[in-house]
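The whole structure should be built from the sequences, with the hints applied where relevant.
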Amino acid sequence: MTDARTCIAVLLATVALLTGPVQAQDTEAAEEAVGAESADTPEPSMPALPGGDLSTGREIGEALGGGPEIYVREEHGDWEVRCLEAPEGQDDPCQLYQRLTDQQGNPTADVNFFDLPDAAGDIVAGATVLTPLQTLLTEQVTLKVDGGQPRRYPFSFCDQSGCYARMGFTQADVDAFKRGAMATLVVVPALAPDQEAVLEMSLSGFTAGLNAVEAANE
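Positions -24 to -1, 1 to 194 (mature numbering (1 follows the signal peptide of the UniProt record, and there is no 0)) are the ones given, in order, by the sequence shown.
Just so you know, the hints here were simulated from the structure itself, not pulled from any lab data. Fair warning: this is a prediction, and the values are worked out from it, not measured in the lab. Yeah, the Cβ is synthetic: ideal placement off N, Cα and C, and Gly gets one too. Hints are supplied without guarantee of correctness; some may be wrong.
What the hints assert, rightly or not - Restraint-style ranges between C-beta atoms, simulated for each label pair: (1) P169 with Q147: 27 to 37 Å; (2) E64 with S178: 15 to 25 Å; (3) N82 with S180: 14 to 24 Å; (4) T160 with A191: 23 to 33 Å.
Structural data, given as structure tokens:
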């Protein structure tokens, strides 16, 4: 179980790097720089690339740089069971994944659920929510299942991929997810603090997906 939990920690970090949500970037400064260039400046010709700089690509599923590979083991409804290739002789640790979009259909957050069979106290499962860097951290993440009571979760840290909220769930919370049809996450953009990004998280397939994760991580 210790090896599996260690691999789960690696999976959390690797998933965040590989599945970070698309973030809007401000191009105004770049446009001003282009506009400032003289129209008389001739365009440089495209330099020829030496053959050694050309990529031959890699097959999907092929490990990158010899590191561990994340793969989709199975799908349940709107959820994917994603696993990390563990060293030979060990079981691949898995999590339950879904990417969330905003009202305009833009990818905005990644959610990874995982079981915590050895956690202390009443916590039996957890989730990591990854949002864009330009998220107003003081407003936290609001989570609600169907018409239930909303709860707020703080952000833990940010890196180049985005900002992370780490959530812990009791058995009652997990049961609510299993019974539910739709959960809602709300975050606030830092550049528009008077607005909210409302993200729907489908619970179709959640029960079967979490059961598969628990079985894989036994």
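Hint check:
1. P169 with Q147: 27 to 37 Å: holds (36 Å)
2. E64 with S178: 15 to 25 Å: Since the Cβ atoms of E64 and S178 sit about 36 Å apart, the hinted range of 15 to 25 Å is violated.
3. N82 with S180: 14 to 24 Å: holds (21 Å)
4. T160 with A191: 23 to 33 Å: holds (28 Å)
Checked against the numbered hints listed earlier, the structure breaks hint 2 alone; every other hint is satisfied.
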